[in-house]
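Protein chains in written order, with my numbering: chain A, 116 to 370; chain B, 116 to 370; chain C, 116 to 370.
Please keep in mind that the hints were generated in silico from the structure rather than gathered at the bench. For clarity, every value in this text was computed on a predicted model and none was experimentally measured. Possibly wrong hints are sitting among the right ones.
As the list claims (entries may be wrong) - Calculated cross-link-like contacts (lysine-lysine; reagent style DSSO-like; alpha-carbon spacing at most 30 Å):
no.: 1; chain 1: A; residue 1: Lys142; chain 2: B; residue 2: Lys204
no.: 2; chain 1: C; residue 1: Lys369; chain 2: A; residue 2: Lys122
no.: 3; chain 1: B; residue 1: Lys204; chain 2: C; residue 2: Lys369
no.: 4; chain 1: C; residue 1: Lys316; chain 2: C; residue 2: Lys244
no.: 5; chain 1: C; residue 1: Lys142; chain 2: B; residue 2: Lys175
no.: 6; chain 1: B; residue 1: Lys122; chain 2: A; residue 2: Lys175
Said to hold, decoys possible - Have a look at the derived ranges for each label pair, beta carbon to beta carbon:
no.: 7; chain 1: C; residue 1: Ser325; chain 2: A; residue 2: Glu150; range: 29 to 37 Å
no.: 8; chain 1: C; residue 1: His310; chain 2: A; residue 2: Asp303; range: 47 to 55 Å
no.: 9; chain 1: C; residue 1: Phe366; chain 2: B; residue 2: Gly335; range: 25 to 33 Å
no.: 10; chain 1: C; residue 1: His123; chain 2: B; residue 2: Glu178; range: 24 to 32 Å
no.: 11; chain 1: B; residue 1: Gln271; chain 2: A; residue 2: Thr279; range: 53 to 61 Å
no.: 12; chain 1: A; residue 1: Lys130; chain 2: C; residue 2: His123; range: 55 to 63 Å
no.: 13; chain 1: B; residue 1: Gly335; chain 2: C; residue 2: Gly219; range: 21 to 29 Å
no.: 14; chain 1: B; residue 1: Glu129; chain 2: C; residue 2: Glu315; range: 51 to 59 Å
no.: 15; chain 1: B; residue 1: Ala181; chain 2: A; residue 2: Pro263; range: 53 to 61 Å
no.: 16; chain 1: A; residue 1: Glu150; chain 2: B; residue 2: Ala181; range: 21 to 29 Å
no.: 17; chain 1: B; residue 1: Glu150; chain 2: C; residue 2: Glu315; range: 34 to 42 Å
As the list claims (entries may be wrong) - Derived contacts from chain C toward chain B, CB cut-off under 7 Å, selection only:
no.: 18; residue: Lys122
no.: 19; residue: Thr247
no.: 20; residue: Leu358
no.: 21; residue: Thr362
Every residue gets a Cβ at the ideal spot worked out from N, C-alpha and C, and that includes glycine.
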Amino acid sequence: MLNFHLKHIPFRPEKPRTEGVTMVIDKGMSIRETEDFLSTSADYVDIVKLGWGTSVLTPKLREKLAIFAAHNMPVYFGGTLFEIFYVRKQLDDYCRILEDLKIGHLEVSDGSMDMTTEEKTAVIRQLSKNFTVYSEVGSKDATKIIAPYLWVEMMQAELDAGSTKVIAEARETGTVGMFHANGGVRSDLIDEILHQIPAEKILWEAPQKSQQVWFIQLLGHNVNLGNIPPNEALPLETLRLGLRGDTFDLFLPKE
Amino acid sequence: MLNFHLKHIPFRPEKPRTEGVTMVIDKGMSIRETEDFLSTSADYVDIVKLGWGTSVLTPKLREKLAIFAAHNMPVYFGGTLFEIFYVRKQLDDYCRILEDLKIGHLEVSDGSMDMTTEEKTAVIRQLSKNFTVYSEVGSKDATKIIAPYLWVEMMQAELDAGSTKVIAEARETGTVGMFHANGGVRSDLIDEILHQIPAEKILWEAPQKSQQVWFIQLLGHNVNLGNIPPNEALPLETLRLGLRGDTFDLFLPKE
Amino acid sequence: MLNFHLKHIPFRPEKPRTEGVTMVIDKGMSIRETEDFLSTSADYVDIVKLGWGTSVLTPKLREKLAIFAAHNMPVYFGGTLFEIFYVRKQLDDYCRILEDLKIGHLEVSDGSMDMTTEEKTAVIRQLSKNFTVYSEVGSKDATKIIAPYLWVEMMQAELDAGSTKVIAEARETGTVGMFHANGGVRSDLIDEILHQIPAEKILWEAPQKSQQVWFIQLLGHNVNLGNIPPNEALPLETLRLGLRGDTFDLFLPKE
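With the rest of the complex left out, here is chain A (with noise of 0.2 Å):
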C-alpha cells in the first residue's frame, strides 16, 4: 500500500481484520462524495457508520449504499437510528428495511433512552441471529457518570448475549462517556476495562485526534478506533504507521 519504501513501518493485518479496526461516521456525504471518499481511504477504512437518523433524509440512499457495496465496505446505521424505531415500538419495521437494504451490521445502543441490562441483552440476543451485532456502551447525557465496575458488567453481559464488539460511547464530539467535557481521558475507566476485556473486542469511540493518539500509544497501533470523520481516516492511518509527528517515534528501534 505505501507509495515508498520505508524501513521500520509496523504491521498491519489486510482486510477483513479483527483488530486494527477503523469505523467512520458519515453524516450526510452526497454520492460524489462519497466516491471522493472510498477513492482515497478505502483501505484504511473497515466500516463506515451513517451517523444517528441521517439515513432517514438521505437523497438516493439506495444508490449511495451500491456504491458502498461495489468497494466491499460495510455500511450500518448509528445506534440511535435503533433506538428511533424500538422507542416507537417499530422494531420489526427496522428489521426489515435492513434486510430490504440488504444491510446485515446493526448497532444496538441506549444513549438516549432508557434500557435495562435484561431488555437490552435480550434484544441483543435476538437480533444477533440475523444480525452482526455491535452494542454501546455509555450514555450520550454528560451528567450520567458510570462507574468502571458497571462498564465491565455491561460489556460483559452485551458480549455474551452475541455481540460481535462493544462500542464505548464517546459521541462525536468526543466529549462524553469516557471522556471528560473537556475532552480529556478517562484513564482509570479505561484501566479498569481493559483488566477484564479483550481489547480485540471494543471499538474505542476517538473522533478527536489527541484521543486517536492516547490510545494508539496505550493500546498499540492496531487499537480499534471509530467514529473517525471521513476526511480524518488517511490521517489517523499516518499515526497507526508513525508517519506523523505525534507518533513518529514510537515504532523506532530504541537505541
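Dock chains B and C against the given chain A, drawing on the hints supplied.
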C-alpha cells in the same frame, strides 16, 4: 421526503416557507461542491448566503448562480458585501450588479461600520422597493454589548421600514451578538426580543450545533436558523425532526 | 481577478511572487477534491504542502501531482516526511523519490527529532544544490519553549546555508511554536524576529483565522502565510483584500 416510515415525526411545511427556514452560509464552494451540496440538502435549505465578500473572488460566479437557480434555491450576498459597497459610496453599483445577476434578495447590515438608525432604515426603505430585504441587527465587535430594549427597537424599526426578516447576528463562529464569547446564549436578551417581535420575523444565526439545539428547544422545530455550514444542513434537519440524540424525545408523546 | 469593481482594494502582486505567499496544507484530498480546490483557489495559492507523511498513503499520487503540475501549482512534502526518511538514514532514497516525481521543493525540519544546528545547516547546504529548500524553525513539542534570540540565530544560519525561506512552526492546529497552547500569539517573539530577519524571508504558519488577521494587521496584507486549510484559501484572500469584517477598514482611506 423520509426514506422510512416513522411515527411521531413533527410536521415541516413545504418550501417555499416563512417558518422553519434554514439559511446556509457558503464560503466559496466550487461548482461541483455546490452540486453535491444541493444533491443532499436542497430539500432542507431555503436560502443560501454567499458569505461576506467571497463572491468578489469566486471564479465562475455566474455559472455557480445558474446552478442554484436551476434548483430554485434563492441566493444572496452577505451583509458585509453591502457594507463594502456602501462605505465606498458605491451602493448604486451594488444594486446594478444584483439586477444584472438576477439576485432578488439583499442583506442590509452595519456589523463592520457605524450607521445611525435613521440612515439604516432609510436605506431599507429605499432598497425594499426593488429587493427582498433582510436586515441584520447586532455588531460583529465582541466588545459592543447592545442592551435588550435597543435590539427590540432596532428590529421593529427595520421591519417597519420594509425588512422581510431581521437577522440576529452571531457571525460565522457564533461568538458575538446573541452569544457570549464562549458560545453560550444570552437567554435574557432572546426572551426580551420574543416578547415583542413575532418569532417568524426573526432569523437566528446559530452556526454551532449546541446553539441550534437550544433554539429548537426554546422555539420549536420550525424556528428560523441561519449561518449553517453546508454540510450541517442535513444534520440540522435531523435535529428538527427528532432524529438525533439531542432532540430524541422532544416530539415523542409524553407518557 | 475581481468580479466587481471596487475602490480601495490593496495591490496584490501576480504569481509567481515572493511576498504575499499563501501556502496550503493538504491532508489527503482526492483527485476530484484537488480539482475542486484548484478551480476556486488556484489564483490565491502559491504552493501546496502534502502534509507530514500523507503522501506515503495517498492512492494515485502521480495522477494527483500531475493535476497540480497542469495548474502550475508547486507542491512539496511536509517536513515530517523529510524527518521520517532522515531518521531512518534513507535521505538518499528521499532525494531519488523527489527527483523521480519531479518535485523541486523540499522542506528540512527537525520538529520531531533532535538535530544540531551544524547538522541541520549542513543538510540544507547539501540539498539546496538540487532543490528549493524551505526550512522550519520551532518544535512541535508544546513543552519546548525556544528563546527569541535562538529563533533569530537559527533562522539566519539556515538562510545563510541556502534556505529560500524559513518557516515559523505552528503545526496544523496552530498551538505550538509561535503560538501559546490556547492559540494566542507570542508577540514578543515575533517582534524580535522581525527586528533582524527580512519579513519576506519568513513564512508564518497561521492555520486559524484569528492568527491570519493578527499577522495581516501587523505585517500588512502581503504577509507570507502557511498551513492554510484548502477551503480557507479563498476566505484568507478576502482578509488580505479587506473583504471580510475582520479587515474591513484596514485599507480604507483614513478620514
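Okay, the hints, checked on the actual structure:
1. A:Lys142 with B:Lys204: This hinted pair is violated, its Cα atoms lying about 44 Å apart.
2. C:Lys369 with A:Lys122: Violated, at about 60 Å.
3. B:Lys204 with C:Lys369: 15 Å, holds
4. C:Lys316 with C:Lys244: 19 Å, holds
5. C:Lys142 with B:Lys175: Within the cut-off at roughly 26 Å; holds.
6. B:Lys122 with A:Lys175: 22 Å, holds
7. C:Ser325 with A:Glu150: 29 to 37 Å: 35 Å, holds
8. C:His310 with A:Asp303: 47 to 55 Å: About 49 Å separates the Cβ atoms of C:His310 and A:Asp303, which means 47 to 55 Å holds.
9. C:Phe366 with B:Gly335: 25 to 33 Å: 44 Å, violated
10. C:His123 with B:Glu178: 24 to 32 Å: Between C:His123 and B:Glu178, where Cβ atoms are some 28 Å apart, the hint holds.
11. B:Gln271 with A:Thr279: 53 to 61 Å: 60 Å Cβ-Cβ, so the 53 to 61 Å window holds.
12. A:Lys130 with C:His123: 55 to 63 Å: 57 Å, holds
13. B:Gly335 with C:Gly219: 21 to 29 Å: For B:Gly335 and C:Gly219 the Cβ distance comes to about 59 Å; the hint is violated.
14. B:Glu129 with C:Glu315: 51 to 59 Å: About 57 Å separates the Cβ atoms of B:Glu129 and C:Glu315, which means 51 to 59 Å holds.
15. B:Ala181 with A:Pro263: 53 to 61 Å: Given a distance of about 59 Å, which is inside 53 to 61 Å, the answer is holds.
16. A:Glu150 with B:Ala181: 21 to 29 Å: At 24 Å between Cβs, range holds.
17. B:Glu150 with C:Glu315: 34 to 42 Å: Taking Cβ atoms as reference, B:Glu150 and C:Glu315 lie about 40 Å apart, which means the hint holds.
18. Lys122: At 5 Å from the nearest chain B Cβ, C:Lys122 passes the 7 Å test, so the hint holds.
19. Thr247: Because about 28 Å separates C:Thr247 from the closest Cβ in chain B, which is outside the 7 Å limit, the hint is violated.
20. Leu358: 3 Å, holds
21. Thr362: 10 Å, violated
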